[in-house]
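Peer 1: Here is what each chain is made of, one letter per residue.
Protein chains: 2
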Amino acid sequence: MPSTVTALVGQSATQIDTPALVIDLDAMERNMARMAAFVQQHQLLWRPHAKLHKSVQIAHWLEQAGAHGHCVQKTSEAEALAAGGIRNIYISNEVIAPTKLARVAQLSQRLHAQGGRLALAVDSLEGIARLAHAMQSANATADSMDVLVEINVGQNRCGVQPGVAAVHLAQAVLAQPMLHFAGLQAYHGGAQHLRTAAARQAAIAQALQHIATTRQAFDAAGLRISLVTGAGTGTFIHEAASGVYGELQTGSFLFMDADYAANERDPAQPVFEHALFVKTQVISVSATHAVCDAGHKSHAIDSGLPTLHGLPAGHALRFANGGDEHGVLHPDATAGNASGWLPALGDTLWLIPGHCDPTVNLHQYIVGVRGGLDAGVVECVLTVDGRGALT
Amino acid sequence: MPSTVTALVGQSATQIDTPALVIDLDAMERNMARMAAFVQQHQLLWRPHAKLHKSVQIAHWLEQAGAHGHCVQKTSEAEALAAGGIRNIYISNEVIAPTKLARVAQLSQRLHAQGGRLALAVDSLEGIARLAHAMQSANATADSMDVLVEINVGQNRCGVQPGVAAVHLAQAVLAQPMLHFAGLQAYHGGAQHLRTAAARQAAIAQALQHIATTRQAFDAAGLRISLVTGAGTGTFIHEAASGVYGELQTGSFLFMDADYAANERDPAQPVFEHALFVKTQVISVSATHAVCDAGHKSHAIDSGLPTLHGLPAGHALRFANGGDEHGVLHPDATAGNASGWLPALGDTLWLIPGHCDPTVNLHQYIVGVRGGLDAGVVECVLTVDGRGALT
Chain E
31 MPSTVTALVG QSATQIDTPA LVIDLDAMER NMARMAAFVQ QHQLLWRPHA
81 KLHKSVQIAH WLEQAGAHGH CVQKTSEAEA LAAGGIRNIY ISNEVIAPTK
131 LARVAQLSQR LHAQGGRLAL AVDSLEGIAR LAHAMQSANA TADSMDVLVE
181 INVGQNRCGV QPGVAAVHLA QAVLAQPMLH FAGLQAYHGG AQHLRTAAAR
231 QAAIAQALQH IATTRQAFDA AGLRISLVTG AGTGTFIHEA ASGVYGELQT
281 GSFLFMDADY AANERDPAQP VFEHALFVKT QVISVSATHA VCDAGHKSHA
331 IDSGLPTLHG LPAGHALRFA NGGDEHGVLH PDATAGNASG WLPALGDTLW
381 LIPGHCDPTV NLHQYIVGVR GGLDAGVVEC VLTVDGRGAL T
Chain S
31 MPSTVTALVG QSATQIDTPA LVIDLDAMER NMARMAAFVQ QHQLLWRPHA
81 KLHKSVQIAH WLEQAGAHGH CVQKTSEAEA LAAGGIRNIY ISNEVIAPTK
131 LARVAQLSQR LHAQGGRLAL AVDSLEGIAR LAHAMQSANA TADSMDVLVE
181 INVGQNRCGV QPGVAAVHLA QAVLAQPMLH FAGLQAYHGG AQHLRTAAAR
231 QAAIAQALQH IATTRQAFDA AGLRISLVTG AGTGTFIHEA ASGVYGELQT
281 GSFLFMDADY AANERDPAQP VFEHALFVKT QVISVSATHA VCDAGHKSHA
331 IDSGLPTLHG LPAGHALRFA NGGDEHGVLH PDATAGNASG WLPALGDTLW
381 LIPGHCDPTV NLHQYIVGVR GGLDAGVVEC VLTVDGRGAL T
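These protein sequences, in sequence, are chains E and S. Each residue of the first sequence is one higher than the one before, counting from 31 in our numbering. Each residue of the second sequence is one higher than the one before, counting from 31 in our numbering.
In short, the hints are calculated from the structure, not lab data. Just so you know, even glycine gets a beta-carbon here, dropped at the ideal spot from N, CA and C. Treat each hint with caution, since some may be false.
[Unchecked claim] Now the stretches of chain S that chain E is said to cover, found in silico as 3 or more residues with beta-carbon under 8 Å:
(1) 263-274
(2) 303-316
(3) 326-339
(4) 354-365
[Stated by the list, open to error] To be clear about the criterion: a stretch of chain S counts as covered by chain E if any three or more of its residues have a C-beta under 8 Å from a C-beta of chain E, and this derived list gives those stretches:
(5) 86-97
(6) 154-166
(7) 385-394
[Said to hold, decoys possible] Label pairs and their calculated CB-CB ranges:
(8) A172(S) / A292(E): 39 to 45 Å
(9) D249(S) / Q45(E): 41 to 47 Å
(10) Q71(E) / T364(S): 39 to 45 Å
(11) R225(E) / D404(S): 40 to 46 Å
(12) Q246(S) / S369(E): 16 to 22 Å
(13) G114(S) / Q45(E): 44 to 50 Å
(14) A350(S) / D404(E): 37 to 43 Å
(15) A405(E) / R140(S): 33 to 39 Å
(16) G334(E) / S272(S): 45 to 51 Å
Looking at chain E on its own, in the form it has when it is part of the complex:
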């Protein structure tokens, strides 16, 4: 296996090899404290999405800060967290393959026996029938697994249409003694990166309408919705203010990426700092540009290219995609680098990834630095336990 460890505990941050994924632990902990205070103030449950960090250690830290459980998107992500001692896990996504559902059923029984809980989202009668079959095959205990009915609140991806279709799914869940109908999954992914605060608020207002429609259908059927869960870093202040959502799934606030930072901040939203960076080194310099050793194998570019962090005034650089292994750095005159300053060969720089979740997935380890990126010390090297957990 290749050498993917880029630092050792106790080293200076200047010694971290490149490219490396690095957390500013102080900034991350400030972000965590701000979100913990918010959910406590609003008396909400908090189940941060582990698709962000993919790390057992960070999941434990989030529990210490007040999270009562964790979301994941894939069965294998749930298995990775469970292997690290996490006991309250929600696969906030549909699982359809019988082989995967057998694993879901087994994991639910293991967590249940440990006093924990596994939950799964569903959006089809067929999916519920397959899950029930898997639970029967696993000789599952009564009421041993939570099921949430996903409704489409505006993202137009998974989820049934709001209203009576959701009631039919809940009834199908209620007909299965091993399954517990635990509420509605109502996450509006499409709203998270609407740039203006007003547009995000309007999108969540629409989602709340869809939930209201659905609740009316449940009322008419004499069924109760015990929990509505959803929300992300872009919109959670609105879900929290609604009185409708009982649980927030916010995860990205912990690291804050360039895409979230590009949102206009709503004054009601806590301020979150960038806490995740890619450290990179300049490996080539010409008259017009410099080239660093971080390409899109080091950082995801689905939500835009990285931005540069911590450059002094007059030293602004524009990052251009140089392929899998290279970033091309040009002087950014529009941002004050009129002199055409370029970094020197061997200089190291800090990048803010466009999107944290898939960036974390590209790395086996995350280096945790205490005391600032430039002067700090490596306090921990975390394993990305859920890296490549696709199935």
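Using the hints, position chain S against chain E.
Peer 2: Structure of chain S alone, referenced to chain E:
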């Protein structure tokens, strides 16, 4: 660690879990035979780029087909191949960090002792001085490492300007007794995906001008260029026809991605087939679209979204990005799906990735299928040995 093995040898291809990275071994071997015949016919050296496949096993297969060595982009990729018994490795990229150069020097001595060879590209006097220092510190044997001077032939990324600047670098290499000046690195990455055959030919004609300019400067200095190396799947017929390049670095032809397939084929170019696929499953279906379990955590999207493979006439689908974990499939009326056909819940589909290299990097294993994607059998499960080899 999460369950990342998606198939076992001997299973039917229908049993491969999703999402999974799958090679059609028959198609891959046909591609390999076509390229091997081409390089033999043109009496060229062939050093395929391992940044495509990142697999020791595939590197060995390529050697059996006629490759005399392998390119990589990173020190840790070289280490991963060397650990698997590969002995002739060229890091076709600049390495600047002293810690990495110490590893480069160590690896060069290990390979040299085994009768193999390590090579490195350089584009600065500082880089050569640092490499020489690392070789001295490793007590390197005389002439034990190859160094290629990279010139910028049009990509405007790394590489010195063509002409006398390259001579100065070669002289600096020649002044170091442990280093062997092995020729010019002259790869034009920017030419590979120019869509028309004429544009690609024109770009390589420009590159050949830059090489000619450089050769004149070497002649004037009384220095010989023993090898010019470069070329990719998009342009290699031109480098091969030039009589200037002595070595081709083509790798992507082996798998062929959607981006290369979008190039207009030059009649002189051998036909290559798609051989690398992501198998995915439909996990949600609505009236307007279906959702599959492959998002951009399963396939790289830097060069465009995946296309669908093997759908029958009238069943064309358009793949839309659904985030890290989801693909959204819409009926493609413009491609003949006028009826609005959608796959059913649980159906599996084959995706052709937009860009193979970073797609491979997302997976720990590649499943090799013999006898066709649908009816075939799993013959091997390959490790992506160079996955995450960033440093």
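Peer 1: For every hint, state whether the structure bears it out.
Peer 2: Structure-based check of all given hints:
1. With 0 residues bearing a CB less than 8 Å from a CB of chain E, the segment 263-274 of chain S misses the requirement of three and the coverage assertion fails.
2. A stretch counts as covered by a chain when three or more of its residues have a beta carbon under 8 Å from one of that chain; for the segment 303-316 of chain S and chain E the count is 6, and the coverage holds.
3. Judged by the Cβ-Cβ criterion of 8 Å, the segment 326-339 of chain S is covered by chain E as claimed, because 6 of its residues qualify and three suffice.
4. Given as covered by chain E, the segment 354-365 of chain S passes the check, having 4 residues with a CB less than 8 Å from a CB of that chain where 3 are the minimum.
5. For a cut-off of 8 Å, the count of residues in the segment 86-97 of chain S with a CB near a CB of chain E stands at 0, and the three-residue condition is violated.
6. By the rule of at least three residues with a Cβ nearer than 8 Å to a Cβ of chain E, the coverage given for the segment 154-166 of chain S holds, with 3 such residues.
7. Residues of the segment 385-394 of chain S with a Cβ under 8 Å from some Cβ of chain E number 6, which satisfies the need for three, so the listed coverage holds.
8. Remark: the range hint 39 to 45 Å for A172(S) to A292(E) is contradicted by a beta-carbon distance near 55 Å.
9. Between D249(S) and Q45(E) the Cβ separation comes to about 45 Å, which falls inside the hinted range of 41 to 47 Å.
10. Separation of Q71(E) from T364(S) is about 52 Å and departs from the stated range, judged on CB atoms against 39 to 45 Å.
11. At about 44 Å, the CB distance of R225(E) to D404(S) agrees with the hint of 40 to 46 Å.
12. Checked against the hint of 16 to 22 Å, the pair Q246(S) and S369(E) fails, with Cβ atoms roughly 35 Å apart.
13. Range check, G114(S) to Q45(E): about 29 Å between beta-carbon atoms, so the 44 to 50 Å window is missed.
14. In this structure the hint that A350(S) and D404(E) lie 37 to 43 Å apart at CB holds, the actual value being about 41 Å.
15. The hinted window of 33 to 39 Å between A405(E) and R140(S) holds, with their beta carbons roughly 37 Å apart.
16. About 39 Å separates the C-beta atoms of G334(E) and S272(S), a value inconsistent with the hinted range of 45 to 51 Å.
The structure shown violates the earlier hints numbered 1, 5, 8, 10, 12, 13 and 16.
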